[in-house]
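**Student:** Chain residues, written in single-letter form:
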Amino acid sequence: MLPNIDYSELPRALQHMLERGQTVKTLPRRSFLKLAGATGLALGAFPHIALADPAAGGKAASSLKPTQQPSAFVQIAGNGEVTVTINRLEFGQGVHTALPMILAEELDADWSLVRSRHGTNDAAYVDPLFGIHLTGGSHSIKNSFSQYRELGARARAMLLGAAAARWKVDVATLRTQAGTVLGPGGRKLGYGELAEAAMAQPVPEKVTLKDPKDFRIIGRPTPRLDAQAKSSGRQDFGIDARLPGQLTAVVARPPVFGARLAAMDDSAARAIKGVRAVLRVPLDGGAEGVAVVADGYWQATQGRDALKLTWDTAKVEKVDSERQLVQYRELAGRPGPRKFDADMAPLATAPQQLEAEFVFPYLAHAAMEPLNCTVALTEGRAELWVGSQCAGLDAGAAARVLNLKPEQVTVHVQMAGGGFGRRFSSTSDTVVEACEIAKAARAAGLNAPVRTLWSREDDMRGGFYRPMHLHRARVGFDERGNVLAWDHVIVGQSITTGSVFEQFQVKNGIDGTATEGMRDPYPLPMRLTVHHPKLNVPVLWWRSVGSTHTAFVMETLLDEIARTTQQDPVAYRMRMFGDKHLRHRDALQLAVDKSGYGKTRLPEGRAWGVAVHESFDSVVAYVVEASVKDGRPMLHRVTAGVHCNLAVNPRTVEAQVQGAAVTGLSMCLPGSAITLKDGVVEQSNFDGYTVARITDMPEFNVHIVPSAEPPTGIGEPGLPPLAPAFANAIARLTGKPLRQLPFKLA
Amino acid sequence: MKLIVNNREVTIDADPAMPLLWALRDLIGLTGTKFGCGAAQCGACTVHMDGEAIRSCITPVSDAAGKKLTTIEAATDGTDRVGAAVHAAWIKHDVAQCGYCQSGQIMSAIALLKSLPSGQQPTADSIDAAMAGNICRCGTYVRIRAAVADAARTLA
Ligand code: FES
Ligand code: FES
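If you read the sequences in order, they're chains F and E.
If you're matching positions, the first sequence starts at 0 in numbering that gives the first Met the number 0 and goes up one per residue.
If you're matching positions, the second sequence starts at 0 in numbering that gives the first Met the number 0 and goes up one per residue.
By construction, these hints were calculated from the structure, which means they are not laboratory data.
Please note that a few of the clues may not be correct.
SDA-like cross-link-like pairs, simulated, lysine to any residue; straight-line CA separation at most 25 Å [stated by the list, open to error]: (1) F:Lys628 with E:Ala16; (2) F:Lys307 with E:Gly132; (3) E:Lys91 with F:Gly218; (4) F:Lys272 with E:Ser61; (5) F:Lys743 with E:Ala131; (6) F:Lys272 with E:Asp14; (7) E:Lys91 with F:Trp110; (8) F:Lys307 with E:Ala16; (9) E:Lys91 with F:Arg114.
Chain E on its own, in the form it takes in the complex (with noise of 0.2 Å):
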């Protein structure tokens, strides 16, 4: 099965039914994308899939197969202008503390910025709303508003 993984090809030999989650981090050895809860329910293995924010934990590496996939490691390496912006933001309000969970919580930041028409500002509430999937079981939520709204500034 091929796929495309922060823009280089790879093969991989995998069942289908595998989740993405884990073709990434156990065959690709990509593990920066986070396994937490594989149900869904938390956010820790947030990836973009053509763009899209998606939980890798419940898609099935065959549904992935030839779709642009982009993981935190590629997210944050300062090729991508709005990814640079969150990595910076993330670092500048210090918002990790185990930083377990900080994968996800930047690529479903990074996804809300892309998603938003160029020189728009997110609330409050929709920083909230975009971020509601992520737990973050140290309690970050305080730093995550701040480093959203000022990396959304910096980008404006």
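The shape of chain F in the complex, shown without the other chains (with noise of 0.2 Å):
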């Protein structure tokens, strides 16, 4: 849900954080204390260095990072309950299982006795590699495996020496076993009856991990930790949080991004039964908005309802997706920065030729949790309870509309409804907005915490969409389908301008987000130019970012170069990954023999489709079984092979490729677009805006390439390969190629 980010960049990108002062909080002193007594299961919970305190008797490793440190995340109950605090969002990706096992694997922990809770913006919780709070990117596993292992390996090595302490033996004479330490002699105790002595041991620095053919948590198919509460409504998401007196916000939003009041008669909405105040509050993007506060949702929206209001929509663009068509074919044709060069020379005398050009909409993330964020401010103090993906720069946004520090926030990070990057925006919009809203409520003498909560309508039609793209190609190539050359351009807005990813995405005027996933692995002389028109849609990334029309793009002009020069398009593509993309080959070669393709033969009707592609560092290909019926494409089947390196939970993988499917499969739908008109949204509600259903949602299988290579992203990779595939077994099937998102059947 986040760009793919160049490691080497990395310095830059903490810099960057720096200068932005957006520091994190640390725990402080003995917070692990309270912790305990409000979770009341936790008697042993490790020193952290925030904490260390000779007093306490823990010993700190100080050379250790805060993320380093076992104290934040792990807690031994004197029953043996391991609680597992992880440093991500879980929004349905299933982290707050898969860091847990990671954990628990090298702790040597019954897993039936293991749980697992959401982090806050101390900052124990950054992401390891990137310093910042982030979930996003499909980083959370690859960037915390090595973590939680030394995490899980440091509290059992304090395990140990409190066992050997207890028993006065030496400590290489004892070995665990699933929440218990065996010592000489038959001698046994369980880690809860442990916990409160291994916090005195110190905090090792060094530690070794298992050997991963000892695993016997990590790689085994594993049921949720949240499956019991999310199967009986007794899990709570941001929008349950409930604070005593607590009151609802609504905001009346302009109708076009960037607008202002020019008038407000609020007479009726202050008359209606629960509304305790109207407010003015400067909303994202230099507009303006009305907030209602009320006693709850429905009084809130009743008072939004009663409000008269008059915009001042002059001086802001208004766009309107025709006009940006045109536009956007115009700024094709002109010579802009390039991302490749090639010789193009030979585009003119190939034997065969092909142009096209694609479109692709704005895309709404349409979570099914609507956006919301509870604030409760006291004297020096704000507590925030929020689904975010980026909770410490969250904090550090609300501390500067709070004139507050950033220590002196804390974010409560809630398992959320889904977001698909929505839930990290970089101007902190969702939360910006509820502080805004919270702190005019408190001068307005309102001395409760305020919820504020987007209507489905308010999400929709709230901006930071996937932009809009439109890309153009010409390929010449020979009659073996060698390319000669490949001229193309893409025009779409730059979604991290303006984020704290610019500095190390945008080179040369070209946001990296909008070519990721061109040209490579295939080896191609491709010449690539692209624009970046300004408009005040507000963009974002969105569930596989650039990849969403980049791999929609290269796997179907690639398989329109196989059918045009009669080859099968399973084997073009292995003769361009070569002996060099073997994970590509694995993929894709694991799809293809589980579902037959090439094999069986398809009903009349059905066409076989392919298409791979590689993105966070996984890959994924899908050969797929589809038909058109009363002229609208139907999809059958899916077979998926995935390369995600080690699968820490495969049914997590499964999910999640399943998932990304689903959300690649709602892209195609007709009706799945965002549009303007003269400056307003036209879609507001899943009537207008269409997403899959279980009625669209094929037979699909999933198969993991099995590796025992430190794992890499799967959160994402499973949504781009899925349009064109789909696409690729439609042109089979009608003989031209679909080049536009939703489909549309000539």
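Reassemble the complex: the two chains are provided individually, in unrelated frames, and hints are given to aid placement.
**Tutor:** Okay, here's the thing in structure tokens:
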């Protein structure tokens, strides 16, 4: 959900964070005791560097960073229950289970006693590689795999140390087994019995990790820890946060991005029972809105409906999708900065030539839980409850609005009902808005926590879309499908300009997220020109980012070349992968073998479609079966071959690939587009903006290439190849390529 | 106004036009029922009224007065045979991802299974038809199908 980031650029990224002054706070001393009281279960929490207190006995290895200190991550209760704190947002991707699995593996815990919970904006919970709180870019497992293993191993070493001291034996004579320490002569102590003493043990700096062949938790298909709560209505999400006396706010937003209020009559709104305040508040992007604060959501919306508002839209840009397309076409013909270059001379003389234009609309994230954020203000402090993908940046943004220091703000990360990138915006728009409202409410004499809740319409019309894109390609190739020259142009708004990622994503005027997924791994002589028009429609990363459009363009065009030159689409790709791209080969071969492609005869009217794409360091290949029924493309069966290195929890990998594919399928369905007419977003709910339903769902099988290499991303890579595989199957049936999402059959 | 929620009588002071969803969530504190669209488009707010699955986001609370209401909290607490079977199947198949839509999915699934003549198994098409009003943005549809069919088998 975030751009792939070049690790060599990390130091600059971190520098950028520091320059913005978005430092993160650390846990106050002894906070683990408070945490223990709050949950009522934790006896032992391991020493945290921020609370290294010799009087308390805990000796933290001072060379270790907060992200390496077990105390912030593991608590063991007297009954042996192990609670693992996750340094990410759980919003469906399964880190609430996978991260504890990784830690529990090296801790040698009894898995049946392992629990999981969210962290805060504490410094311990930053991504250990990026140095900021971050859930995105399919990085959670990839970047915290070693971290959580080491945390588990350190806690285990401390438990062993405690047992050795208790029994007065050499620690080398001890071993552990599923939550117990075993000693000579049949001696045995549960982790729960040792937890308190273990806290007094020094935190070891160096630990030896297991040989992956000894893993007994990692790699095993494991039920989710949150399955029970999520199957009984007992799981609380951000929207369910409930504080004593809490009020609810909804916001009347301008019809056009960036517009301000010209006049307001709020007398009718104020007269509605339960409405407590009507407040003019600044909104994202220089806009202005009116917040209605009331006892509950219903009263607040009643108040909002009763407002008489006049908006001043004269001075703001009014984007119109039709005009925008004309403008993008015109831009595509102009010279611009180049991402790649190659000799285009062979284009004119190539025996086969192809010209194509692709159009992709704006897309809303449309997570099932509408955006929300609850803010409680007290003198010199703010507490926020929000499903945030970037707790530290959100806390920093909140602090700026509230004139507080970052350490005076606590973000309690809440379970979120999806997100797909929307719960991390470059301006922290949701959080800033909720803080503005809480601040204004307090100034108006309302001394109560305020939950700002977006309606579905607010959420869908609120911008931060996957940008609209236009691609244009001219490709020259020979009779064997060898590409001689490929001239390509991309037009679309930059998503990282103005974000914390700009410094290391935008180079030479090109946003790297717009071109990721272009060309590679195919050895193509490509010239790639990029234009980033500036428009006032807020845009953002969206599950699988640039690959949402680049994979479609690449995989449908290559398929078309294979079709034109009468080659098998699998063999054609395999030839280009050569012996260099083995993960691509393995993923595709697995999907081919399991699907029956090339062996099974499909029923009349069905065709095979193939696509492969690498994103977030993982490769997903799809072999699909599709047909056209009453002029409508139908997807019947999907076989996935996945290469994500070691699959920590194969169940999660399967679910993530299916889920990402459903989002990819949604992009193909009629009505899956956000369009604007004279500056006004035309869709507002699921009746106007199509998302896939169960009736659209094909039969689906996921197969994972076995690997013991450190895990790579899986939240997003399943999305990009779905639409092109589907389109390729349809093109085989109709003979006409699909070059637009959502699909439009001519 | 008096409501019968999960076999308990509750008295609330609400505008009769207030959607049942907000009475349940904001006034009664039953937050298992979710807000997804407010327009009968997504199914997240599904509850049972006199045994029938309804969208609580568009049902005025006055329409619910005196009717027997069941929310996800009671439907899966083990007291209802069908609810217990669906709940168990949901866990067995690890249906949930973010989980936000699942209260509504489960309520629709229970209503489907209760509507079948005893012993009759739902067809694949009837499962899809009964669940078509419930959106899952996480894309848990494959496991929803499997869990509904499995729950039906355990009830046979
Ligand atoms: S919230 Fe009622 S159907 Fe979506
Ligand atoms: S599980 Fe996330 S929306 Fe269904």
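**Student:** Confirm or reject each hint.
**Tutor:** Taking the hints in turn, this is what the structure says about them:
no.	hint	result
1	F:Lys628 with E:Ala16	violated (43 Å)
2	F:Lys307 with E:Gly132	violated (35 Å)
3	E:Lys91 with F:Gly218	holds (19 Å)
4	F:Lys272 with E:Ser61	holds (17 Å)
5	F:Lys743 with E:Ala131	holds (23 Å)
6	F:Lys272 with E:Asp14	holds (9 Å)
7	E:Lys91 with F:Trp110	holds (17 Å)
8	F:Lys307 with E:Ala16	holds (21 Å)
9	E:Lys91 with F:Arg114	holds (18 Å)
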